[in-house]
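Chemist: Sequence:
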Amino acid sequence: MLHTYNCSFHLRTGGGVTYPCALVQWFVPVGDEPCEDTGMWVVEPEMDNHGSRVMSVIHLDCVVRGAHLIQVYGEECLQRTVHFTASLDLFPEFYINKYADHHAYEIAF
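Going by our numbering, the sequence shown opens with residue -18, and the numbers climb by one from there.
Don't read these hints as lab results, they were simulated from the structure. What you are looking at is a predicted structure, and each value in this text was computed from that prediction instead of being measured. Take these hints with a grain of salt, some might be off.
[What the hints assert, rightly or not] Pairwise CB distance ranges, derived in the manner of DEER restraints: (1) Thr(-6) - Leu69: 45 to 53 Å; (2) Tyr54 - Gly(-4): 41 to 49 Å; (3) Leu41 - Gly20: 38 to 46 Å; (4) Tyr0 - Gly55: 22 to 30 Å; (5) Thr62 - Gly(-4): 44 to 52 Å; (6) Asn30 - Thr(-1): 31 to 39 Å; (7) Leu69 - Cys43: 16 to 24 Å; (8) Val63 - Val(-2): 27 to 35 Å; (9) Pro73 - Ser37: 16 to 24 Å; (10) Gly47 - Glu25: 30 to 38 Å; (11) Leu59 - Gly(-4): 16 to 24 Å.
All C-beta atoms in this analysis are idealised placements derived from N, C-alpha and C, irrespective of residue type, glycine included.
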C-alpha cells in the first residue's frame, strides 16, 4: 500500500464532467518491517531524481482512508517558534499511527 499526505482538495471540470481530486505527496516505507519499539511503520517522503518530493493529483476514489503521521523525533528539543504546519518540512521520517482508531489499525497492521 502506498502512503500519501493530502495537500489540498480540488474539483476539476473537463468536458462537462466534474472530477473530485486531491493533490498528494507520496511517502515510501523505511525498512521492511514496522519499528520494533512502537509497532508502527516508518515512512519518508518519496523523492524524484532531482531531490524534489514526488507529488500527484489523484481522483478521490483512489483514497482508501486518511493516515495520521507522527514525526520521528530526534535527541534534540524543538524550538518554541516552530509552528506545527512546518512539521512535514522539518522532519525526514514519520510514523504511521495505527493506534489513532480501529479503522487505521486494520489497514496499517
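Chemist: For every hint, state whether the structure bears it out.
Modeler: A quick look at each hint next to the structure:
1. The given range of 45 to 53 Å is broken by Thr(-6) and Leu69, whose C-beta atoms sit roughly 29 Å from each other.
2. For Tyr54 paired with Gly(-4), a C-beta distance near 48 Å keeps the hint of 41 to 49 Å intact.
3. Distance hint check for Leu41 and Gly20: the Cβ-Cβ separation is about 30 Å, which falls outside the suggested range of 38 to 46 Å.
4. At about 41 Å, the CB distance of Tyr0 to Gly55 disagrees with the hint of 22 to 30 Å.
5. Look at Thr62 against Gly(-4): about 48 Å separates their beta carbons, and that is inside 44 to 52 Å.
6. Between Asn30 and Thr(-1) the C-beta distance comes to about 34 Å, which sits within the given range of 31 to 39 Å.
7. Distance hint check for Leu69 and Cys43: the Cβ-Cβ separation is about 21 Å, which falls inside the suggested range of 16 to 24 Å.
8. Judged by the Cβ atoms, the range 27 to 35 Å given for Val63 and Val(-2) is violated: they are separated by roughly 43 Å.
9. Separated by about 21 Å at the C-beta atoms, Pro73 and Ser37 satisfy the suggested range of 16 to 24 Å.
10. For Gly47 paired with Glu25, a C-beta distance near 19 Å fails the hint of 30 to 38 Å.
11. For Leu59 paired with Gly(-4), a C-beta distance near 48 Å fails the hint of 16 to 24 Å.
Checked against the numbered hints above, the structure breaks hints 1, 3, 4, 8, 10 and 11 and satisfies the rest.
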